[in-house]
Each structure stands twice: as C-alpha cells, then as structure tokens.
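Enquirer: With the hints as constraints, model all of the structure from the sequences given.
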Amino acid sequence: MIAQLPARRHHLITLDSTAWDQVLADLEPSSHTYQCLCGWQAQGWPLVVSRQPGELRSGQLQVGIPLPTDWGRQRLSLIIPQTRSLAWGSFPPAHEAQTLLPVSLAQNWLSLCQHMQTHGCTAQVYGSYGWELITGQGYIREGSDLDLLLPVQSATQADRLVQLLSVANEWPGFPRLDGELLFPDDAAIAWREWQQWRSGASRKVMIKRTHGLRIQSHSDWPEHTPTVESSHAA
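First residue of the sequence shown? That's -2 in our numbering, and the numbers climb one at a time after it.
What the hints contain is simulated information worked out from the structure, not anything from laboratory work.
Bear in mind that the values here come from a model prediction, so they are computed numbers and not experimental data.
Everything hinted at is true.
Per label pair, the in silico range of CB-to-CB distance:
hint: 1; residue 1: Arg70; residue 2: Glu93; range: 18 to 28 Å
hint: 2; residue 1: Pro219; residue 2: Gln19; range: 38 to 48 Å
hint: 3; residue 1: Ala22; residue 2: Gly135; range: 26 to 36 Å
Computed cross-link-like contacts, SDA-like style, restricted to lysine to any residue with a CA-CA straight-line distance of at most 20 Å:
hint: 4; residue 1: Lys201; residue 2: Asp217
hint: 5; residue 1: Lys205; residue 2: Leu174
hint: 6; residue 1: Lys205; residue 2: Ala152
hint: 7; residue 1: Lys201; residue 2: Gln213
hint: 8; residue 1: Lys205; residue 2: Ser151
hint: 9; residue 1: Lys205; residue 2: Ser47
hint: 10; residue 1: Lys205; residue 2: His215
Every residue, glycine too, gets a C-beta built ideally from N, C-alpha and C.
Expert: If you want it as structure tokens, here you go:
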C-alpha cells in the first residue's frame, strides 16, 4: 500500500462503489464507454494514475484505463475524486512476465530480473504485458514492447541497469525492451533516452513528472536524488 504518498504516474488505484458511481453518473448508459467501465468495475480491475493536467481542481485525480483488444483497444481518461477510500497498488513484478513469453525465453528473462534485483532494482512490468497480467485479457500483439518500470536511487545505479538492458535487448527472439527509470523525486526518464544522453549521443533528455515534463540539456545529475517527501519538506 502507498496511500500515504503523493499520487505518482504509474500508481494503480482501485475505486470503491461510491467513487465508481461518481465516475459513471454523467455518462450515457448505452454508450460504449459506459459499458466498458461497468465491465471494468465488475472485475475489480485497477486504474492507473497518468500525468496530471494543470487545470485539475483540488481533490481531483486524472487516471487512465487502457482497454484490451476485444474491448476496442482504446485508452479511456477519467477524472476521479481523490479520497481516502482509494486502494493503492503497483504493477506486477517483472519476473511474472515469464508466463507471457515463449518457454525458450523464460530462463533468460528470469536471469535478467535476478541481475536487476542484484543491482538493487525490483522492476515492474507495465504496458501491454503488465495489463495482460493484471486482467487476463488480450493486450499483447506481435511487435508489442515489453515495458519496464525501473525504480532507481542514483545515476550510477541507473547506468548499471541500462547496461544490463542493452545487452538483453539483443537476445534473439526477445520482445523489444522499453520503459522508464523512476527516481525518488518523481523524475522519470526513458532508459533508452538516458543511455543516449549519458553516452553523449544526445545533448538533451526528457524528464517526465506527474505534474508536467521538461527538457534538460546540461549533463549534471545528482548522484543521490532526494525523495518526494524530503523535497516537499524543504
């Protein structure tokens, strides 16, 4: 549970019946969106926190639901009340993706997950693979990336993980590995962009945060990133 922390991108939340009633109240019951949301609610599946637009009122939270292929494969965006009744969670640990990979790739995948763990990172899987694990519905298609959330504490740790991923990304038959490095201060950087930036192949890097994004051109990055809580306290 992470309910005591500020809502961040990629956090999962489960709504109670009262919150669902508010979400559904303004929708036409015969609409495709309404029917999909009712089905989602009936299954008890979570929603994911997205980047928050500046025009949101206090107490509101923007979340998303990516629908599976059989439901139309579109992303629904909702504004929900941010109340204490929300149940918080996270995407599945990366090793669980082995069940969605060919048997011939499973051992290499588990080995990669173990190496990331050795470097202090408990990776999570999101995107098509993550949602298929959560819902059991069809999300993965030919060519789908395997997206990873990579919590890191420092630039050195990020560099080591990116090196592992770069090697693994060349394994024959493996899906393309993608995803983000997640720093304690809510900064998120695509690991491929981080690699290009740190190597000097790119002079800029995009930093995503829950409340916006920015482009950083200078190469400085603190070795130990402050947490969200300590940055607020300051």
